[in-house]
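Engineer: Given next are the chains, with one letter for each unit.
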Amino acid sequence: MRCTSPIERVRQKTLVLGALLGLLVLETAAVNAGDSAASVDFFESKIRPVLVKHCYECHSSEAKEVRGSLWLDSSEAMREGGDSGPAIDPGNVDASLLISAIRYESSEMPPNGKLPAQTIADFEAWVAAGAIDPRDMPTSKAVSQKEAMQSSIDLEAGREFWAFQPLRSGSTPILDGESERGTIDAYLLDRLQQANIAPNVAAGPQARLRRLVFDLTGLPPTIELQDRWMSDPSPVHWRKIVDSLLATPQFGEHWGRHWLDVARYADSNGSDFNATFHDAWRYRDYVIDSFNRDRPFDEFVAQQVAGDLMAADNDQDRYDQVVATTFLMLGTKMLSERDKAKLEMDVVDEQIDTVGRAFLGLTLGCARCHDHKFDPIPTTDYYALAGIFRSTRSLEGESQKYVSTWPRTPLPASDELIALHDEHRQTIRRLKDELKEAETSLNTHKKAVQASLGGVLVDDTDAVKVGKWTNSTNYKHFIGTGYVHDDNSNRGESSIQYKTRLEADGEYEIRMSHSPGANRSSRVIVVVTSAAGDTELLLDQRKNTLEPMWSTIGKFDFLKSSDAVVTIHNRDSDGYVIADAIQFIPMAAPAVNEETPSQQLVEQLATQVSELTALVKETEKNAPPSLPTAMGVADRSTDAMGDCHVCIRGEVENVGPVVPRGFLQVCSGGTATIAQPSGSGRLELAAWLTDPDHPLVSRVIVNRVWMHLMGEGIVRTVDNFGSRGEMPSHPELLDAISLKFVRNGWQLKPLIREIVCSDAYSRSTAYSPESVEVDPENRLWWRMPRRRVPAEAIRDAMLYAAGELDGRPTTEPVKAFGVLVSGNSANDSANDKAAASYRRSVYESLIRGYIPPLMTMLDAADPDLIVGRRPTTNVPSQALVLVNSPNVHRWAESTAKRALSHTMAFDERLSWLYRTTLQRLPSDKDIELAHQFGLDQLDSDDLWREYVTALFASTEFRLLD
Amino acid sequence: MRYALPQLDNSRRSFVKQISAMTLGSLAISASGPTGTASAIAPAITSPHVRPRAKRVIFLFMHGGPSHVDTFDYKPLLARDDGKELPFALPPNLDAVPTLLNGPWKFSQRGQSGLWVSDLIPEMAKVADDLCVIRSMYTKGQSHGQAVGMVNTGSDNLVRPSVGAWISYALGSGHADLPAHVAISPATAHGGPRNYGSAFLPAAHQATVIGQNGKFGDGKIPYLSSAGSDEQTQRRFDLVRTMNERHLAATGPDSEIEGAIDAVELASRMRRAAPEVFDLDRESSATHAAYGINGGVTDSYGRGCLLARRLAESGVRFITVSSGQVWDQHGGLKAGHQKNANATDQPVAALIRDLKQRGLWDDTLVIWGGEFGRTPVVQGKDGRDHNPQGFSMVLSGGGVKAGFAYGTTDEYGYYSVENRVHMHDLHATVLHLLGIDHTRLTYPYAGREFRLTDVHGRVVNELIT
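If you read the protein sequences in the order shown, they are chains U and P. 839 is the number that the numbering used here gives to position 839 of the first sequence; each next residue is one higher, with no gaps. 172 is the number that the numbering used here gives to position 172 of the second sequence; each next residue is one higher, with no gaps.
Don't read these hints as lab results, they were simulated from the structure. Just to be clear, a hint being listed does not mean it is correct.
[Unchecked claim] Below are the DMTMM-like pairs computed for lysine to aspartate or glutamate, each with C-alpha atoms no more than 20 angstroms apart in a straight line: (1) P:K140 - U:D346; (2) U:K476 - U:E439; (3) P:K339 - P:D81; (4) U:K373 - P:E123; (5) U:K373 - P:E449; (6) U:K925 - P:E123; (7) U:K465 - U:D572.
Based on the sequences and whatever the hints tell you, model everything.
Structural biologist: Set out below in structure tokens:
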């Protein structure tokens, strides 16, 4: 691994040098250090070729596997050496391990043959003369960004690009400037007037309310709110409604979801190993809560980047801050990558890409391999950031061989919860003790009962085994210390023989104890050697004929003068062959009373054991909520932190210069380098991102908010503010509202309020041929674009109409899953485990690879990607899932039932249905259609369900007019 | 997804223009037209870059990684040195030990061509003269996840569109009422949907999925039918259309509503057209027998292959038939590989024969292979570990040479050494056979143009007739 800090490499290199040192023999060599040996020429002609030819294969970045973590391909690496000392000590031949190694004194290097004497002498001369090595020229040491950046990028010219310019406060056009709601309309109207376009008038009040409530809460307005609003559709009332909607918890659920798109939120890893993200939901809740409490956006950004490093006043703050860093962890990772150095850099890359696009609206990934081709981002900027994330711990340990996992950070927990856990642990322990006691007692009594039957018992431990038999105690009923089985393998090769001498001649019943089960053999060959000779029988071990553990083999005559033998073979078996004990019961013995007190006791004990077993299971299932841990990041240990090498062409092994940690130069006012990182550098990165003068962070979030409410961003490529993105349609407006946003403390609710209270937001979506002629793409917002309701809100609205929406949040939504949500075996599927639920969509678990078809077809964000703006597709499969999915049918049926039970009058039923699904009254045409479809007929329940299904699948249901 | 329109200029240039004008998301809903002419998926490339040899691809994905040294890559030295030490270094991160393991299957030369094929796959051996074996494949990824990503998406670590999605995007569907990209019984493991997904390409290019994890299941498109009578379903579709048309009438021209109206119409037509294509009972009992559709071990894969042929015949562009993640014999090589071969060998051979008989073979490219091969050295007692360093993949039909082998691995079959073919090269070649220059099939995302082969890929002309 080469993208490491020098500090770390020192640590890695201890192995070989340690070994070299241990055998070091000091010897003085008279070396004539001639002048020539102190020249670069000497190194180039005598030393470097030898290193390349004989050493690099195992000791360079080109090595397939670096032996003993020793690199000899840079002067820095040679001089650093390991803990035990440097590989060379310039000027001191005998103290140089490299020399003693090639002399075959300490170790024997190179291993395939000692170098010629002349070559060794050259090395001695070279070390004696100071080990001149051009590879230690400043260019290969840590270089300043300026030096490293021998790129074609002209940063000064780059800064001229609009997005890297500071926010400008212009003067609001028209005179309306002083009132709060005037800013937006003033800028928009100004441009519309210039273009000579008359904007649309306000939409009707029904449409406006529907638009507003969906936009702010992701839910339709209730009939009650519709009534209230329609009775007074005034601007004052509008503001009142806006304020009350902003104060509902549903606001954060809806707007939090917008951010979760950008954060590529999911409850599992996806990719090669679909590991469960058990703690991701805490981040989901943190995001929702942040929107609800209107956490200042700069704080929100800083916490997600470096919350774990920030001071906290109390447990709640600490909890929030640590959980916030889950943001950096949510990406999908190739956890089974065996090359861990590559995996680490891939994770770093994903984090840089996410930070770049989520906060800066820039694609930084390109710069991993070369200078950004379109934006002024040199590759050194990328590695300045990479150093920060390389110094951050995102992976830790393995969940199984080669499969990486991540650290779990303990979170503050309440005393009550800790006490609950202690109590729970104690309860479990007590129950298990009781269970053990009952089991022991049961076994003892069982044996007593068996003994009372008389006869002779031969256990597997006393039997003669041939072939492979495996001990087991898996099944709880057995004689002695356990039983054996054939592992369902080596068919025909294993047998077990039970032999005894019986005390009297006569007839005996032979019983075998074995555990039953579906995977057992139904054809176990039993050979009984009795007075009559050998008898071969077949025993079905899938069940017992005598509960709980015995099967009768048959009755046979035995003589006391010869051995009574029972042999079990696994030839022809079709499952596991089990062998526990064989019992010979004399038929002459007095009949056993089935109801001996002892037998009753056994049954009581057996009941007790099964009850206790169930109780333990139940108690374990009802464990208190897990002690909270976060899927958060942390700084690595100080010796593992450091600057990162450039990886040339992005290849981990291809090491370039070290770049000090820092940020993007093009949008940094002063220096972009962190002079003295306080840790990984994330704190400094957070401070850089939230600098009020940062040209991108505020513009990007304000533009996203604008897009969610106005259909398109002012910069329509919301995730790309670079030169390949689009230019803002209204740069002055974007700057004006962004500046106001920052000055007002980075709070989103006032911004949202300002937008939804503007005239522009209220405009109708009506088509105007004249305006389309001039501005076909509606870049000037002469109308409100018709917008798609997000997938979650479409589903929620169906559940709402059905009266089945459960608004409660979920906690630990993927608790039922183990390490993986879906194993990599051929039969495993997360679908089987995901229970149906009617929570709001944002609270449903989001398993990568198993996003419900309804969601994906309606363009829900793909958590494998960072989605600032969702695509809007119309595909046949979307129509199919809406029209034919059993879920939609069920919700339609419930909705129809509600409509029918609402009232007996057809008109009122239809009004209720339209106001519940489309938030408007049915038109005459709608009423006519309903009649045509037969909704007014008797016994039309099925038709109502069909009609509602069609409404759910209609464009009007999923579009905001 | 876009709907093809007679008046729409579908050239690449205008396509790009549209993208930049409309922003990516709204691509899928571009203009609508007379629904009678709409195709399920319109092509992005309307005039081929190079002469197309194939119109469609069937990828027989042997998920898990079948052993090349036990199928197509004959290594006499492996038999000679069985149990001896591998005379060179193992690649890193392996659990195998450097002890050579000869497999239990005999190799012999087959057909006129004399291609070496082992007894593990006797049926494929019989059609050896129709096969084009690449013996010098290599790829990225020592673990399944990466290598499966490589073969299916061209990326071992990043989320990228699948090969089928790229081809669907490039060529569109060849059938008015069917999707262009179908995945039959794909595994849920190792990326699952990502391996047939569209990533940042429009969603319509992701595969329609039939069955799962190597199991054919009911063989139906999800949500194509629903409870209730066919009439009832049709009435429901008609009602939705009426509602949407009324909505459109009220709003005036609106591309989203128009797109939705088309989508409902297409779905309705697909609902009527697809069951016929998907109905395997329309095939003769002789055909069923040939594919091994008999309720036995070949039944599931046989159905997959037969459906693949029917889809190919109907114009679907890219069909994957996955064996499920079963070829991963780290132990029990003999029993495991035998079981997998028993399940797939006959259907694969039957598919090739069937395509030939129907005249489809010439323009259908069949690809057989896993995400990597297996080590010639032993893991555990009788297993082989993953080997992305060198392995075989087999092509057939679609403009490639027949009865032909290309490239070599070293004398034990470990590393690809001569005429090496990287997975990117295979992808470039597949696109080339379809008439597409892999450097020109691009899509703008996140500020730059992406392609299936990233910055790599060489068309292996030596394979082409």
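Engineer: Now tell me, hint by hint, if it's right for this structure.
Structural biologist: Taking the hints in turn, this is what the structure says about them:
1. P:K140 - U:D346: OK: K140 (chain P) and D346 (chain U) at ~14 angstroms, within 20 angstroms.
2. U:K476 - U:E439: Distance of about 9 angstroms is within 20 angstroms: holds.
3. P:K339 - P:D81: violated (26 angstroms)
4. U:K373 - P:E123: violated (52 angstroms)
5. U:K373 - P:E449: holds (11 angstroms)
6. U:K925 - P:E123: Outside the cut-off at roughly 65 angstroms; violated.
7. U:K465 - U:D572: holds (18 angstroms)
Violated hints for the displayed structure, listed by number in ascending order: 3, 4, 6.
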